[in-house]
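Trainee: Mapping of the sequence shown onto UniProt numbering: residues 1 to 89, in sequence order.
The set of hints was computed from the structure by calculation and includes no laboratory data. Be careful, since some hints might not be right.
Said to hold, decoys possible - The calculated SDA-like cross-link candidates involving lysine to any residue, where the alpha carbons are at most 20 Å apart (straight line), are: (1) K49 - K72; (2) K13 - T30; (3) K13 - N63; (4) K11 - H44.
Claimed, not checked - Label pairs and their computed distance ranges (CB to CB): (5) L62 - P23: 19 to 27 Å; (6) I16 - F39: 37 to 45 Å; (7) G85 - Q35: 31 to 39 Å; (8) N21 - K70: 34 to 42 Å; (9) P34 - A69: 30 to 38 Å.
No residue lacks a Cβ here, since even glycine has one placed at the ideal position from N, Cα and C.
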Amino acid sequence: ILLPSGEAVVKCKPQIDLIKNCPGRGMIITGPAPQGSGFDFYSHFFCPKFGINEASPRGGVLNLHVDDAKQKVFMRGNVVAVMEGSLLV
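Kindly produce the complete structure, drawing on both the sequences and the hints.
Mentor: Structure (structure tokens):
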């Protein structure tokens, strides 16, 4: 869900019971980061169906590169892998 600003993402008070009833595994909200923050956007993930009402707000850096010629998206960053799979778009 795209919000108007990163500040709106930070101030969001989700209704976890309603999110639990939505289709899909979870819900992510995102909005443009404030100028000068050094970031492009802020995001927050909610996944109450799996016992994770809110992902902890630790922050992190996600590097994303889109290769139009090869029709591929490359993501980089520091993670702890808990599962591996494929995303079909």
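Trainee: Now tell me if each hint is right for this structure.
Mentor: Evaluated hints:
no. : hint                  : in the structure
1   : K49 - K72             : 30 Å, violated
2   : K13 - T30             : 14 Å, holds
3   : K13 - N63             : 27 Å, violated
4   : K11 - H44             : 11 Å, holds
5   : L62 - P23: 19 to 27 Å : 25 Å, holds
6   : I16 - F39: 37 to 45 Å : 26 Å, violated
7   : G85 - Q35: 31 to 39 Å : 36 Å, holds
8   : N21 - K70: 34 to 42 Å : 39 Å, holds
9   : P34 - A69: 30 to 38 Å : 33 Å, holds
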